[in-house]
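Residue numbers (my numbering), protein chains in the order written: chain A, 27 to 294; chain B, 1382 to 1588.
It is possible that some hints are incorrect.
[What the hints assert, rightly or not] Okay, the calculated bits of chain A under chain B, using three or more residues with CB under 8 Å as the criterion: (1) 43-57; (2) 65-74; (3) 77-84; (4) 88-96.
[What the hints assert, rightly or not] Label pairs and their in silico Cβ distance ranges: (5) A/Glu58 <-> B/Leu1558: 54 to 60 Å; (6) B/Leu1562 <-> A/Glu61: 21 to 27 Å; (7) B/Glu1582 <-> A/Lys30: 21 to 27 Å; (8) B/Glu1557 <-> A/Ala57: 29 to 35 Å; (9) B/Arg1527 <-> A/Pro60: 30 to 36 Å; (10) B/Lys1467 <-> A/Ala283: 53 to 59 Å; (11) B/Glu1525 <-> A/Gly200: 46 to 52 Å; (12) B/Gln1457 <-> A/Arg267: 19 to 25 Å; (13) B/Ala1517 <-> A/Arg277: 54 to 60 Å; (14) B/Arg1487 <-> A/Gly200: 29 to 35 Å.
[As the list claims (entries may be wrong)] From chain B, some residues computed to sit far from chain A (all C-beta separations above 10 Å): (15) Asp1402; (16) Ala1404; (17) Gln1405; (18) Arg1486; (19) Arg1487; (20) Gly1488; (21) Ala1517; (22) Pro1534; (23) Ala1536; (24) Arg1539; (25) Gly1548; (26) Glu1557; (27) Glu1560; (28) Gly1572; (29) Gln1585.
Derived by calculation from the structure, the hints in this document are not laboratory data. Ideal placement from N, C-alpha and C gives every residue a C-beta, glycine not left out.
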Amino acid sequence: MNEKHCEDLLAGYTLDCLDGGDRATAERHVAECPECRQECEELRAALHDCLGHAAASGAAPSPLVRTQFLARVALEMGAAGATVPGRAAAPRRPILTIEEPPPPVRGTTPPLAGTPQRPYWWMLGGAAVPAVLALVFGVMVMQTRGQLNDQQQASVLATPHVTMPLRGSAVSHGMNGEVIMPQRGMSGLMLVAGMRAPSAGTQYTCWVHRKDGGWADMGVLTPDASGIAMLVFDRATDLHRADRIGVTMERGAHFGAPSGPMVLSSTL
Amino acid sequence: MGRSPRDATVTPLPVAYEGADDAQIMDGVRVGDGRAVAALYDRYNALIFSLALRMLGSREGAEELVQEVFLRAWRQAASYQPSLGKLSTWLLGIARNLAVDELRRRGARPQRADGESEEQLASIATPAGDDPAAQAAQAAQRTEIRAALDALPPAQRRVIEMAYYGGLTQSEIAAELGEPLGTVKTRMRLGTQKLRDLLREMNQVSG
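Isolated chain B, as found in the complex (with noise of 0.2 Å):
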C-alpha cells in the first residue's frame, strides 16, 4: 500500500539568493547551487525570451531557446568573467548567437527584423513578473536605451537593426534595401560607434 499524501513533503519556497548581486549569484552557478541556478533563471528569463521572440518570431522557438541559453550559461559558468562585462550582456551574447544560427539554419528570416509593432509581439506573450519595482527599473531602462537608439539616424539604426536581429550579413542587407555594400558598411560602423559613444555618455551620467 502506498504512503499516504499526508505523508509527502511540502516544500518551503528558498530565499537564500533573494536580493543577491550578479556576482553572486554566480559564484553560486560556478559551485554548483541550485537555487543560484534558479536565481540566475529567475532574474533573466524574461529579457532573453524577449529577445529570442524577436528574433525567432515565436513563442515556442523562443522557449526552446531561452532553455538553451540558461542550459549554456549553467555549463559554461566558469568561462564567465565580470571584468570583461555584465552578466546580462553575456546572457545576451549568448541568446543572440544561438538565434542567428537557428535563424541560418532554417534559411528564414524572422518575423519582425524592424519596425513591427509590439503589439505583435505583446498578443504572443505572457506578461512578466508582477513586482512593480523591478517592473518600473525596467521601463526605465528601457526608455534610456529607446533615447539611444532614436538618437541614431533612422538608416544606420536600421542596418544594424537588420544584422543584429535579422542575422542578415551586410550583402543580404545591401540586397534587400537596394542600397550599394559600401553605403551599408559605412552606415554600420557609424551607428556602431555612436552607440557605443552613447552608451559611455550614459553611463557617466548614471554612474
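Just chain A, with the same shape it has in the complex (with noise of 0.2 Å):
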C-alpha cells in the first residue's frame, strides 16, 4: 500500500465510511502501524472539534430529557448495589421499594420515611431511600427549574414544590416512584420508575381520589423502554385536595372510575 492510498484510507476510516474491503485493509493496517493509528486519533480528534462544534445551533433538549436520564442513572446506580463503573459489583437489589408505612403511634410525627433500606449513597449517606428518593428527584427538578419558563411544568417546578415517595401497594408490581407538587397551588407531576410495558390492549391510567370522594382521571402513563413514565398534571388538578392517588391498568373505556386492576396505589 503506498503513502497517498494508506492515507486516503485512514481519511476514509476515520470518517467510518469506507466501503467493506477498504474497511477490513484500514482496520488491518491500522492494527498495525502506530503512526498511523496516531494519524487517526489526530484526524478524528480533529473532526470532532471541528464539524461536532460547528453543529451548534443553541437548541437543547426539553429538560424532561435531563430528569429521565438523571433517573435511569439512579437506578442502575442503585440496581448496581451502589457501585461505580470500573468496580466491582455488590449484590444486586433494587434501588428501591415501597413499602406500606407503619401505622403510625398516637402522639407521635409519621415516619418521613419507611423501612431503611440501603442509602442512596452517592447523594447521601444514610438516609432511610424513601427520603433520598426525594433528594434525588427534587435536587433534579431545582436544577431544571431555570429551563423551564415556557413549558408545561413550569407551573410546578418554578414555585416551591415538595416531593413525596409513593408508598403503598406497587411494591408487589415492582414500581416505585414520586408525587411532586407545588406547595401552594395547582397542578404536579408523579414519576414512577420500573414499570412495564403495558399488556396489548391496555394502558396505564393515573387516579387521584378527593378528600370528599370519587376518583378523578389524571391521563395515561406511558413508560419509556427503561420503564419509566412522567406525567404531569393540568392546572386545574388540586393535590391538595387529594389523599391518594392510584395507577391502574384499563383496557379500553373506563367511564371515569377505575375499572381496571389497581397496580400502584399510594397515600398522598
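Could you fit the two chains together into a complex? Lean on the hints.
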C-alpha cells in the first residue's frame, strides 16, 4: 500500500465511511501501524472538534430528557448495589422499594420514610431510601427549574414544591416513584420507575382520589424503554385536595372511574 | 392518613460542581457522584443535542440519542482518558457513532446532510441556557470553527460533511455527487488533513 493510498484510507476510516473491502484493509493496517493509529486519532479529534462543534445551534433538549436521564442513572446506580463503573459489583438489589408505612403511633410524628433500605450513597449517606428518592428527584427538578419557563411543567417547578415518595401497594409490582407538587397551588407531576410495558390493548391510567370522595382521571402513563414514566397533571388539578393516587391497568373505556386492576396505590 | 405535603422535603440546588473543570467532573462521575453526572449532562447536553438534531433531523430522535450518549458516558467513564483528548471530543465521538448507527439502521438519510438553513433547525429547537457569558464563549468558538470550515475548498468540505453528518459511505457519496470514487477519496483526504492543520494553528494561536 503506497502512502497516498494509505492516507486516503485513513481519512475514510476516521470518518467511518469506508466500504467493506477498504474498511477491512484499513482496520488491519491501523492495528499494525502505530503511526497511522496516531494519525487516525488526530484526524478524528479534529473532525469532532470542528464538525461536532460546528453543528451547535443553541438548541437544547427538553428538560424532561435531563430528568429521565438522571432517573435512569439513579436506577442503575441502585440496581448495581452502590457500585460505580469500573468497580466490582455488589449484590444487585432494587434501588427502591415501596412499602406500606408502619401505622403511626398516636402522639408522634409519622415517619418521613418507610423501612430504611440501602442508603442512596452517592447523594446522601445513611438516609432512608424514600427520603433520598425525594432528594434525588427534588434535586433534578430544582436544577431544571431555570429551563422551564415556557414548558408545561413550569407552573409546578417555578414555585416552591414538595416531593413525596409513592408509598403503598406498588411493591408487589416492582414500581416506585415520586409525586412532585407545588407547596401551594395547582398541578404537579408524577414520576414512576420500574413499570413494565402495558400488555396489548391496555394502558396505565393515573387517578387521584379526592378527599371528598370519588376518583378523577389524571391521564395515561406511558413508560419509556427503561420503564420510567412521567405524567404532568393539568393546571386544574389540586393535589392538596386529594388523599390517594393510583394507577390502574385499563382496557378500553372506563367511564370516569377505575375499572381495571389497581397496580399502584399510594397515600398522598 | 398520609402525611401533609408540608412535612415533605424541599431540596436545595447542589453547587458542588459549579465552576469545576472537565477533569474534576469526570473524577466525580467515576466515583459515582450523582452531582457530577448531572454537571456533565448540564455542560454538554446542548452540544450533543445539536449534533444529534443535525444528523437525525428530528427532535424526538435527538433527545433519545442525548440520553443514550450520557448513559454510555456514565457507564464507560473509566475508559475516558484526558490525555487522549478533550471530554467534548469523547462525547461527540460517542454521539456521532450512535447517530451513524441509527441512520444506517433506518436505512434513511438525514434531513440535513449539508447546506440546509439553520432556521429550519431553530424551528424545532428550544433555546439553550441563558447564561450570557457561556453564550458568548460558544459564539466565539463557533466563529473560529466556521472560519476553519470556510477555509476548506467547498468540494472537500462537502464530502466531509456528507460523511460526518450524513453517515454516507464513500461510494454512496460518489454516487450522490456523480463523481468518481477516487475523487471523493482524494477530497476527503485533503480536507481532513487541512482541517487538522487549521485546528493545530488555531490551538497554537489561542494556547
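Against the structure, the hints:
With 4 residues having a Cβ less than 8 Å from any Cβ of chain B, the stretch 43-57 of chain A passes the three-residue criterion, so the hint holds. Against chain B, the stretch 65-74 of chain A contributes 8 residues with a C-beta closer than 8 Å to a partner C-beta. That satisfies the three-residue criterion, and the hint holds. For the stretch 77-84 of chain A, the assignment as covered by chain B holds, since 8 residues bring a beta-carbon within under 8 Å of that chain's beta-carbons and 3 suffice. Under a criterion of three residues with beta carbons nearer than 8 Å to beta carbons of chain B, the stated coverage of the stretch 88-96 of chain A is upheld, 6 such residues being counted.
Separation of A/Glu58 from B/Leu1558 is about 33 Å and departs from the stated range, judged on CB atoms against 54 to 60 Å. Range check, B/Leu1562 to A/Glu61: about 26 Å between beta-carbon atoms, so the 21 to 27 Å window is met. Evaluation of the 21 to 27 Å hint for B/Glu1582 and A/Lys30 yields a pass: the beta carbon distance comes to about 24 Å. A beta carbon spacing of about 31 Å between B/Glu1557 and A/Ala57 agrees with the range 29 to 35 Å that was offered as a hint.
Taking the beta carbon of each, B/Arg1527 and A/Pro60 are about 34 Å apart, inside 30 to 36 Å as hinted. Distance hint for B/Lys1467 and A/Ala283: a CB-CB separation of about 57 Å, consistent with the stated range 53 to 59 Å. In this structure the hint that B/Glu1525 and A/Gly200 lie 46 to 52 Å apart at CB holds, the actual value being about 51 Å. Under the hint 19 to 25 Å, the C-beta atoms of B/Gln1457 and A/Arg267, about 47 Å apart, miss the expected range.
Distance hint for B/Ala1517 and A/Arg277: a CB-CB separation of about 55 Å, consistent with the stated range 54 to 60 Å. At roughly 33 Å, the beta-carbon separation of B/Arg1487 and A/Gly200 lies within the given 29 to 35 Å, and the hint holds. No Cβ of chain A comes within 10 Å of the Cβ of B/Asp1402; the nearest lies about 18 Å off, and the non-interface call holds. Once the 10 Å rule is applied to beta carbons, B/Ala1404 is consistent with being away from chain A; the minimum gap is 16 Å.
No beta-carbon of chain A is positioned within 10 Å of the beta-carbon of B/Gln1405; the least distance is around 16 Å. Consistency note on B/Arg1486: stated as away from chain A, and its beta-carbon is indeed over 10 Å from all of that chain's, at 14 Å minimum. Every CB of chain A is more than 10 Å from the CB of B/Arg1487 (nearest about 16 Å), matching its label as outside the interface. In this structure B/Gly1488 is separated from chain A by more than 10 Å, as the shortest Cβ-Cβ distance comes to about 16 Å.
Against the 10 Å criterion, B/Ala1517 stays outside the reach of chain A, whose nearest CB is about 12 Å from its own CB. Listed as outside the interface, B/Pro1534 is consistent with that label: its C-beta sits roughly 15 Å from the nearest C-beta of chain A, beyond the 10 Å cut-off. The non-interface label for B/Ala1536 is consistent with chain A: the shortest C-beta to C-beta separation is roughly 14 Å, beyond 10 Å. Distance check for B/Arg1539 against chain A: the nearest CB is about 12 Å away, which clears 10 Å, and the non-interface claim stands.
Some Cβ of chain A comes within 10 Å of the Cβ of B/Gly1548; the nearest lies about 8 Å off, and the non-interface call is violated. With a least beta-carbon separation of about 12 Å from chain A, B/Glu1557 lies farther than 10 Å from that chain, consistent with its non-interface assignment. Every CB of chain A lies more than 10 Å from the CB of B/Glu1560, the least distance being 14 Å, so the non-interface label holds. A cut-off of 10 Å between C-beta atoms contradicts the statement that B/Gly1572 is not in contact with chain A; the least separation is 8 Å.
Remark: the non-interface label on B/Gln1585 is consistent with the geometry, its nearest Cβ contact in chain A lying 14 Å away (cut-off 10 Å).
When the structure is compared with the earlier hints, violations turn up for hints 5, 12, 25 and 28 and for no others.
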